[in-house]
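Engineer: Sequence:
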Amino acid sequence: MTELAGHMIHERYRFDIHLGEGTFSKVYRVHDMRRNVDLAAKVLKADVADNPEFLERFRREGQVLSRLQHPHIVRYYDLIETDEIVFILMDYIPGQTLQSYFHHLGRPMTVDEVFNYLKPLTAALHYA
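To convert, take the position in the sequence shown, counting from 1, and add 4; that gives the working numbering.
Calculated from the structure, these hints are not laboratory results. Keep in mind the model is a prediction, meaning the values are calculated, not measured. We put the beta carbon where it would ideally sit given N, CA and C, even for glycine. Mixed in with the good hints, there may be bad ones.
Quick list of the computed label-pair ranges, beta carbon to beta carbon [to be verified]: (1) Asp82 / Leu109: 16 to 22 Å; (2) Gln67 / Asp42: 22 to 28 Å; (3) Asp42 / Pro124: 20 to 26 Å; (4) Arg61 / Leu129: 40 to 46 Å.
Cross-link-like lysine to any residue pairs, in silico, SDA-like; alpha carbons within 20 Å at most [as the list claims (entries may be wrong)]: (5) Lys30 / Ser104; (6) Lys49 / Arg71; (7) Lys30 / Gln67; (8) Lys30 / Ala44; (9) Lys123 / Ile89.
Working from the sequences, and respecting the hints, build out all of it.
Structural biologist: Right, here's the structure in full:
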(Lines of atoms letter the chains of each structure in order from A and count residues from 1; the text may use other names and numbers.)
(Lines give C-alpha, C1' and ligand atoms only; values in the text may rest on other atoms or scores of the structure.)
Protein backbone atom coordinates (compact mmCIF):
# COMPACT_ATOMS: atom_id res chain seq x y z
CA MET A 1 0.00 0.00 0.00
CA THR A 2 1.65 3.23 -1.06
CA GLU A 3 -0.75 5.98 0.04
CA LEU A 4 -2.94 5.19 3.02
CA ALA A 5 -4.99 8.39 3.32
CA GLY A 6 -8.60 7.45 2.70
CA HIS A 7 -8.13 3.73 3.46
CA MET A 8 -9.85 1.75 6.21
CA ILE A 9 -8.02 -1.01 8.11
CA HIS A 10 -9.90 -3.72 10.04
CA GLU A 11 -13.16 -1.84 9.36
CA ARG A 12 -12.13 0.34 12.29
CA TYR A 13 -9.17 2.60 11.55
CA ARG A 14 -9.71 5.25 8.87
CA PHE A 15 -6.45 6.80 7.68
CA ASP A 16 -7.23 10.50 7.22
CA ILE A 17 -4.14 12.66 6.77
CA HIS A 18 -0.45 12.01 6.11
CA LEU A 19 1.30 14.08 8.81
CA GLY A 20 4.96 13.41 8.08
CA GLU A 21 7.63 10.80 7.61
CA GLY A 22 11.10 9.70 8.51
CA THR A 23 13.54 7.30 6.92
CA PHE A 24 11.69 4.12 7.91
CA SER A 25 8.14 5.19 8.72
CA LYS A 26 5.26 7.51 7.89
CA VAL A 27 2.83 9.07 10.36
CA TYR A 28 -0.88 9.50 9.72
CA ARG A 29 -3.81 10.88 11.64
CA VAL A 30 -6.20 7.96 11.97
CA HIS A 31 -9.80 7.96 13.15
CA ASP A 32 -10.81 5.04 15.36
CA MET A 33 -14.41 4.49 14.25
CA ARG A 34 -15.24 2.30 17.26
CA ARG A 35 -14.06 4.77 19.92
CA ASN A 36 -14.74 7.91 17.82
CA VAL A 37 -11.29 9.33 18.56
CA ASP A 38 -8.35 10.50 16.46
CA LEU A 39 -5.05 8.66 16.90
CA ALA A 40 -1.63 8.83 15.30
CA ALA A 41 -0.44 5.80 13.35
CA LYS A 42 3.27 5.29 12.79
CA VAL A 43 3.46 3.05 9.72
CA LEU A 44 6.55 1.06 8.82
CA LYS A 45 7.39 1.85 5.19
CA ALA A 46 6.75 -1.02 2.78
CA ASP A 47 10.33 -1.12 1.49
CA VAL A 48 11.65 -1.94 4.98
CA ALA A 49 8.65 -3.90 6.31
CA ASP A 50 9.85 -6.95 4.34
CA ASN A 51 13.18 -6.86 6.17
CA PRO A 52 12.94 -9.09 9.29
CA GLU A 53 15.48 -6.96 11.17
CA PHE A 54 13.52 -3.73 10.66
CA LEU A 55 10.23 -5.45 11.42
CA GLU A 56 11.61 -6.81 14.70
CA ARG A 57 13.01 -3.39 15.59
CA PHE A 58 9.59 -1.84 14.97
CA ARG A 59 7.92 -4.47 17.15
CA ARG A 60 10.42 -3.76 19.94
CA GLU A 61 9.63 -0.04 19.65
CA GLY A 62 5.97 -0.89 20.24
CA GLN A 63 6.87 -3.07 23.23
CA VAL A 64 8.98 -0.30 24.77
CA LEU A 65 6.26 2.31 24.20
CA SER A 66 3.66 0.01 25.76
CA ARG A 67 5.59 0.06 29.05
CA LEU A 68 6.06 3.83 29.21
CA GLN A 69 3.34 5.78 31.00
CA HIS A 70 4.31 9.37 31.63
CA PRO A 71 2.47 12.68 31.11
CA HIS A 72 5.16 13.87 28.67
CA ILE A 73 5.44 10.67 26.62
CA VAL A 74 2.86 9.89 23.96
CA ARG A 75 0.51 7.06 24.99
CA TYR A 76 0.77 3.76 23.10
CA TYR A 77 -2.41 1.85 22.20
CA ASP A 78 -1.55 -1.05 19.92
CA LEU A 79 0.67 -2.53 17.25
CA ILE A 80 -1.35 -3.76 14.26
CA GLU A 81 0.05 -6.14 11.64
CA THR A 82 -1.79 -7.18 8.49
CA ASP A 83 -0.54 -8.78 5.29
CA GLU A 84 -0.07 -5.30 3.81
CA ILE A 85 0.82 -2.96 6.68
CA VAL A 86 2.39 -2.72 10.14
CA PHE A 87 1.65 0.27 12.37
CA ILE A 88 1.80 1.53 15.93
CA LEU A 89 -1.22 3.41 17.28
CA MET A 90 -0.62 6.20 19.76
CA ASP A 91 -2.18 9.46 20.93
CA TYR A 92 -2.71 12.08 18.25
CA ILE A 93 -1.52 15.45 19.52
CA PRO A 94 -2.92 18.27 17.38
CA GLY A 95 -1.01 21.45 16.73
CA GLN A 96 2.19 22.49 15.09
CA THR A 97 5.53 20.76 15.32
CA LEU A 98 8.30 22.24 17.42
CA GLN A 99 10.22 22.91 14.21
CA SER A 100 7.27 24.87 12.82
CA TYR A 101 6.96 26.79 16.10
CA PHE A 102 10.63 27.80 15.96
CA HIS A 103 10.30 28.81 12.32
CA HIS A 104 7.29 31.04 13.00
CA LEU A 105 8.76 32.49 16.20
CA GLY A 106 11.19 34.45 14.06
CA ARG A 107 13.62 35.11 16.89
CA PRO A 108 15.86 33.21 19.27
CA MET A 109 14.10 31.75 22.29
CA THR A 110 14.55 33.42 25.65
CA VAL A 111 16.20 31.47 28.46
CA ASP A 112 12.80 31.10 30.17
CA GLU A 113 11.27 29.69 26.96
CA VAL A 114 14.10 27.19 26.62
CA PHE A 115 13.61 26.04 30.22
CA ASN A 116 9.83 25.74 29.67
CA TYR A 117 10.50 23.29 26.82
CA LEU A 118 13.39 21.45 28.43
CA LYS A 119 11.78 20.81 31.82
CA PRO A 120 9.09 18.35 30.60
CA LEU A 121 11.48 16.89 28.03
CA THR A 122 14.13 16.09 30.62
CA ALA A 123 11.47 14.69 32.98
CA ALA A 124 10.33 12.31 30.23
CA LEU A 125 13.90 11.30 29.40
CA HIS A 126 14.68 10.71 33.07
CA TYR A 127 11.59 8.52 33.41
CA ALA A 128 12.34 6.50 30.27
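Engineer: Between Asp82 and Leu109, does the C-beta distance stay in 16 to 22 Å?
Structural biologist: Given range 16 to 22 Å: violated, Cβ gap about 36 Å.
Engineer: Against the range 22 to 28 Å, how does the distance between the Cβ atoms of Gln67 and Asp42 compare: consistent or not?
Structural biologist: 24 Å, holds
Engineer: Could you grab the alpha-carbon distance between Lys30 and Ser104 and see if it respects the 20 Å cut-off?
Structural biologist: 18 Å, holds
Engineer: Do the alpha carbons of Lys123 and Ile89 lie within 20 Å of each other, as the hint requires?
Structural biologist: Distance ~36 Å between Lys123 and Ile89 Cα, so the pair is violated.
Engineer: Against the range 20 to 26 Å, how does the distance between the Cβ atoms of Asp42 and Pro124 compare: consistent or not?
Structural biologist: The hint (20 to 26 Å, Cβ to Cβ) holds, given that Asp42 and Pro124 are roughly 22 Å apart.
Engineer: Please verify whether Lys30 and Gln67 have alpha carbons no more than 20 Å apart.
Structural biologist: Holds. Lys30 to Gln67 sits at ~19 Å (cutoff 20 Å).
Engineer: Is the straight-line distance between the alpha-carbon of Lys49 and that of Arg71 20 Å or less?
Structural biologist: Violated. Lys49 to Arg71 sits at ~24 Å, over the 20 Å cutoff.
Engineer: Compare the distance between the alpha carbons of Lys30 and Ala44 with 20 Å, and conclude whether the hinted pair is satisfied.
Structural biologist: The hint holds at about 10 Å.
Engineer: Could you tell me whether the CB distance from Arg61 to Leu129 stays inside 40 to 46 Å?
Structural biologist: 20 Å, violated
The structure fails to meet hints 1, 4, 6, 9 from the earlier list, while all remaining hints are met.
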